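Enquirer: As a plain string of letters, each chain reads:
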Amino acid sequence: MIPLMAALPMLFAFIIVLLDVLHLRGPAIKAAFLLGAVLPIPVAWLSRGSSEVVGGWAREAGIEVALTETNLPFIVGELVLFVFVSVYSQGYFNPRDKKTPKVFALLLLAHAGLLGAFIARDLFNFYVYMEIASVSAFALMAFSEEKGAKGAAFKYLILSLLASYLFVFSIGLVYMETGYLNADLISKAAAPSRELGAAIAIATASLILKAGIFPLHGWLPDAHSRAPTPVSALLSGAVVKAPAYGMILMFSALPAGEPLRFILLAVAVVSIFFGIAMALLQKDAKRLLAYHTVSQMGYVLLGIASLNFVGAAYYAMAHSIFKGGLFLAVGSISTRSRKLGEFGYRNAPVMAASILMLSLAIGGISPFIGAYAKSLISSELGGWWKLAVYLGTIGTLMSFTKLNYHLMRGVSPQLKGAWKLSSLGLALAALLSGLILGAGINPKDALGIAIAVGLFAALKASGLLERGHPAPPRDVGREVNLMAMTLVAAIVLLMLLG
Amino acid sequence: MISPEQAGIIIMLVGIYGLMAKREPVKLVLSINVVSLGLVLFFVGLAYSPGKDVPIMPTDPVDPLPATLMLTTLVVDVAITSLALAIIIRMRGEGE
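Chains as they are written, first to last, in our numbering: chain A, 9 to 506; chain B, 37 to 132.
A few of these clues could be false.
Claimed, not checked - Computed list of lysine-lysine pairs in DSS-like fashion (alpha-carbon distance at most 25 Å, straight line):
1) A/LYS38 with A/LYS110
2) A/LYS155 with B/LYS63
3) B/LYS58 with A/LYS155
4) A/LYS107 with A/LYS155
5) A/LYS468 with A/LYS347
Worth flagging that the hints you see were computed from the coordinates, not collected in a lab. From a predicted model like this one, the values you see are computed outputs, not experimental measurements.
Kindly produce the complete structure, drawing on both the sequences and the hints.
Expert: Written as structure tokens, this is what we have:
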């Protein structure tokens, strides 16, 4: 039953392509798209907590899929986000446009790929589904009309593909050493060796690139800010979570040494603060949100590196919900200009409420889901690392004070009902999931908000935020060269130090 | 003599060199194809052991799994190459 979660969206993606070829546009395609988006939900509900080997083979010979404590939050986050993204897309892509059916088919393929990757317990099967999701994402980005979007898609494609091949190479090393691809069987057969050490270093570095974590994040801000709004939400909310789940699979299967985990914790903390610092300097609203993805994925990595897989999974779910919501809400009011200060939510109370709620959620303020996820992450961390989580919260709140400060002053163009519905829906999801999971109300959060607002006012007065961020070099090829070098350097360092 | 696995790794390194040194988009796509070919050779080499049987009605077969896995990777490679070339054409059209 579990494989149906990936199979159903894929089936409807093919049905959409077929309907398009037969010129049956309009309601039929819309119905197929929505069915493909929601049908995995009942399947997930019915098969929660179970595991199976596809085709009934023995575990050694077959492909195992499961819904466990660790991957269920990823799946829930993806499903909630995708439902709202699909509602939003109905109001975003023109149904008369010839491209629209293709966009819908690609969105469903990304949905299928993500679900397939999250249910996988087998490394190679995980790779295949992660690639389905990434390839659909490249194609979806290339649909954007914006200048520079094709270059961003190309950069993302080449780097992500290089990382995938290196990841498959490390799977090959693991298979050579242990003879298995299934994560549980590998963990029983694995004995520490140089080959496995190399495999885990290569896999970690390449998955960090695909997850967009500092210092391998170079492709992310361009890709996430230039894609069409619903695609940005899906990219930032869900596609970068698949490699994070891959890291969880890898770390649960292979013994990760103490030095490697320490390096990863350090990388995670640097990523958190680098993302915040860059976000504070941005003038483009979607780019600001994209840099926060770099920062937020740092928290997920903190969870993974401290072997707190459940915490990482809940953080990933929380991030899917609030970052997806922020992209949808901010993207809707910035259709004319994305420059901060030129648009806002003064005339759109629904958007104002959603963006404020989502900003509090990403800042980890109770009773939103962010607070619950942050408390889970810091529960397994030692003293100094915990402090980093708290300071990161203040930084995030500061950056979102900046966003809301600019949004409060501007007005937005005409908004569609579907846009308001999906933004508000995700904001309420962030609140309700927090309440259900028991985030509680913590009066100390008011102090955090006060410090963040104060710091923002001080920074604003000092004029540091007005400094122009130097424009990145235009040449796509050169950027790919640099990032490939960084990836190779990261692999070498992880191998030597891990 | 070097083994097929080692040859595969060397070919992958050649491709990675291309990704670090060439700036034309088409050459980058070709480099990534070289990486994938090295990867395929590495996997095929993993399964091969001299003197073993073909995995069809076997008595003492080689391991058929790595070669099968590579079929999937080859498919991904073909799909991505066509997509990358299409994006390059669009990039030229935009004058980037």
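Enquirer: Next, verify each hint and record whether it holds.
Expert: Here's how the hints hold up against the structure:
no. : hint                   : verdict
1   : A/LYS38 with A/LYS110  : holds, 12 Å
2   : A/LYS155 with B/LYS63  : holds, 23 Å
3   : B/LYS58 with A/LYS155  : holds, 24 Å
4   : A/LYS107 with A/LYS155 : holds, 18 Å
5   : A/LYS468 with A/LYS347 : holds, 17 Å
Checked against the numbered hints given earlier, this structure breaks none of them.
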